[in-house]
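Listed in order, the protein sequences are those of chains A and B.
Residue 54 in the working numbering sits at position 54 of the first sequence; the count goes up by one each step and never skips.
Residue 152 in the working numbering sits at position 152 of the second sequence; the count goes up by one each step and never skips.
Read the hints as simulated data drawn from the structure, not as lab findings.
Yeah, the Cβ is synthetic: ideal placement off N, Cα and C, and Gly gets one too.
Hints are supplied without guarantee of correctness; some may be wrong.
[Said to hold, decoys possible] Across the chosen pairs, the derived CB separations fall in these ranges:
id, chain 1, residue 1, chain 2, residue 2, range
1, B, Gly196, A, Arg270, 46 to 52 Å
2, A, Arg312, B, Ala208, 24 to 30 Å
3, A, Ala52, B, Asp238, 50 to 56 Å
4, B, Ala60, A, Thr6, 51 to 57 Å
5, B, Gly196, A, Lys329, 29 to 35 Å
6, A, Ile395, B, Ala15, 40 to 46 Å
7, B, Glu326, A, His208, 32 to 38 Å
8, A, Glu378, B, Ser103, 58 to 64 Å
9, A, Ala336, B, Tyr131, 34 to 40 Å
10, B, Ala208, A, Ala267, 51 to 57 Å
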Amino acid sequence: MDFRDTPEEAEFRAQVRAWLAANGQKRNSADETFGEGLDDAAKLAAAKAWQAKKAKAGYAAITWPKEAGGLGGTPMQHVIYQQEEAAYVVPGMIFEVSIGMGLPTVMMWAAPELKARFLRPGISGQEIWCQLFSEPAAGSDTGGIRTRAEKQGEEWVISGQKVWTSGAHFCDYGILLTRTDWDKPKQEGLTMFIVDMKAPGVEIRPIHQMSGDSEFNEVFFTDVRIADKYRLGEVNGGWKVMLSTLMQERLSVGGNLPTDLHRHLIALARKCQWDGHPALEDARVRDRIADAYLQQQGVGLIISRGLTALSRGKTPGPEMAITKLVAAKAMQDISAFALELAGPEGMVGFEALGNDWRYMQRLWLGSPGARVAGGTDEVLRNVVAERVLGLPGEIRTDRKVPFRELAG
Amino acid sequence: MNFDFSDDQRLLQEAVCKMLAETSTSVEVRHVLEGRKPYSDGVWHNLIGMGAAAAAIPEAYDGAGLGYLELCLVAEEAGRYLAAVPLSSTFYLAAEAILHGGSEAQKQRWLPAIARGELIATAALGSRETYLGQPALVFDGKTLNGTLPVLADGALAGLLVVRVGDDLVVAELKGAGVTCEALPSLDPTRPYARLGLSAVPAEKLAAAPGAVVAQRVLDGAAVLLAFEQVGGAARILDISREYSLERKAFGRQIGSFQALKHKMADIYTRNELARVHAYYGAWALSSDAPELARAAAAARVAATTAFNFAAEEGIEIHGGIGFTWEMDCHLYYRRARHLGQLLGSEHQWRARLAAELIKEAA
Ligand SMILES: Cc1cc2nc3c(=O)[nH]c(=O)nc-3n(C[C@H](O)[C@H](O)[C@H](O)COP(=O)(O)OP(=O)(O)OC[C@H]3O[C@@H](n4cnc5c(N)ncnc54)[C@H](O)[C@@H]3O)c2cc1C
């Protein structure tokens, strides 16, 4: 057992550090975000420029094979890069679905000429990908989607609606789950495609989120035509393709809880007064600081253990689901407590209360989404109960029924 | 980075696991629970014989000379099988205090006897929480006088390491001047006693400042106990899970009810958080890292809450039968409390953890 870098890891870290120092912009404060002061278009352009630089150096897809445009590196190297990059102001979520879910699915399922066409522009951020699975009637129950794909000659005609599609408004392509057979049970009649988000008949409407931002969208498809060569996997084999996409999350040894939340709490608690004393002196506050550390450090350590398993040639199993389960709720609890530190003043927006508060206020407004996105807390508990502990599955009434009857 | 135990370490763990599964059975633990013996002597003998209990004592003192990582895995198995033995008093506390605070002569005098199983030892390194009052002890340089109101394994031990002011003092307990009264214990598989000392020959552990040694030993013991807790918590989850697959209600396995599935997923999640904090503590302990204080406190808090939660909910998952003397659920319920309070309650360790974090953030 050893937490220090091996000589090879240390060497890689030194390379990354040197590259970041030469190319990146160091953070001035913990909550400085990328592209502050830029409008959306300028920010996107700046993000793409950064991603292109990163790809050229090989750091955009560290664990990918060289022939696909990656570095052919290890998951540990990926983590080392992330640790070092955390000290720099870089675009956050923009490329996450693209590099983490969309492109790996293309790599696993697309024909060689399509890989040659899509992978490199994707890695370098010149084209961005989204994931079009969820629909108004099907979120946790992804097998219930209704977006229709019908074969006409060598083309498929798509109509229907997706929802909660992160980044659709700035994305170029998407992986799209559709229903191709309504007479089969729900999960057996699905087919996956690559869709051009700029194609005629695709309409994207941003959704106004509770946080005030608009990061996800409704996407409407009206007679959108997709050539058959853009199909991923078999006709009616979409469920398998989708599972392989979701698998990526596990292999990327997920969970992206910030590691310094207890430090933010400490800094705020120093400045707030409780009964005329710094809140930091209060035992209840110190208790919550301890809790914050236990959760986030715990998640970090579970990820370290997953990495160790990977480096020993084992695949971390469904137990990694607990990282997201713990991380998302911890973000909510920690940020909510941060707001409480200032009592009634804690409800005043950071614009007036001060920039010290921006990070925790944003986290508090964003954390409910983190608990839903990528599997709700409840769905993840089901995963742990059934796949880790081997408890019985939910009683289902929809398994063997033709989807047409379910859709009513 | 390498955040797991090695294959050799796992082999030792498996051997200990196998031995305990065969010897530290429910029947055996209940002999101690019901007062038919003071501790599981056979289990103790085996833990000594395998070199497991003395894993972290150097070979120069007749220990196995393996290290703390190995001892952590031994602890996990001892916790899993509710071993009713004075492992923590003797090996996590007293032996460690002598190893870190004793002179060469003191180590030579006591450690081999401990490692060979000839001497059970215990320690009182100072508690911040008390109802009966702090031990009223006087050490005059040669003898120890006074009382220790509550001492774990006090009636079993032949040797005591005790904190008096800023010193650690060691005294043998089998001679004249020692009175010992067994106290009832909420976990009768782990006994407590009141000790009276009158002109008992004693000496100071003089090789290092007592307060520093005491803190270091308490931190190490917190990590080791966290492994016992993790082992116990994993076992009661296993037992509950198996029961939930056997028991039926409303025409279904009770383990198919989502409320119970989610409860068990929550137990599992807390257990895993406790486990990785314990591993991190093991790393800090074995590499003498400056992170030990933080890692030990985190391991202690995470493991204490996890085992208590698993033990409490384990009874709930069993329903009425879980509340019976015959089911083992209450053994875990009792042991979880014992382990969680032995070195000071969770709250003391939370305070210590917070203090460390605030210090680091300054
Ligand atoms: C910020 C954000 C970004 C997202 N980005 C994308 C994206 O890019 N692409 C995409 O395809 N989707 C995306 N989603 C959608 C997301 O995957 C779904 O919202 C999520 O899976 C839940 O589905 P739902 O919204 O339909 O809720 P529902 O499935 O209707 O759930 C409602 C409630 O029912 C509970 N529930 C459902 N099933 C069960 C069950 N079996 N047992 C117990 N409780 C259950 C849920 O836990 C929840 O509490 C995003 C969501 C968010 C919030």
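Checked hints:
Between glycine 196(B) and arginine 270(A) the CB atoms are about 48 Å apart, so this pair conforms to the stated range of 46 to 52 Å. In this structure the hint that arginine 312(A) and alanine 208(B) lie 24 to 30 Å apart at CB is violated, the actual value being about 39 Å. A beta carbon spacing of about 52 Å between alanine 52(A) and aspartate 238(B) agrees with the range 50 to 56 Å that was offered as a hint. The beta-carbon spacing between alanine 60(B) and threonine 6(A), approximately 31 Å, falls outside the hinted interval of 51 to 57 Å.
A hinted range of 29 to 35 Å is violated for the C-beta pair glycine 196(B) and lysine 329(A), which are about 51 Å apart. Our hint of 40 to 46 Å for isoleucine 395(A) and alanine 15(B) holds, since their Cβ atoms are close to 43 Å apart. Take glutamate 326(B) and histidine 208(A): their Cβ atoms lie about 60 Å apart, and the range 32 to 38 Å is violated. At roughly 60 Å, the beta-carbon separation of glutamate 378(A) and serine 103(B) lies within the given 58 to 64 Å, and the hint holds.
Taking 34 to 40 Å as the suggested C-beta distance range, the pair alanine 336(A) and tyrosine 131(B) conforms, at roughly 35 Å. For the pair alanine 208(B) and alanine 267(A), the beta carbons lie near 36 Å from each other, so the given range of 51 to 57 Å is not met.
The structure is inconsistent with the numbered hints 2, 4, 5, 7 and 10, although it conforms to all the rest.
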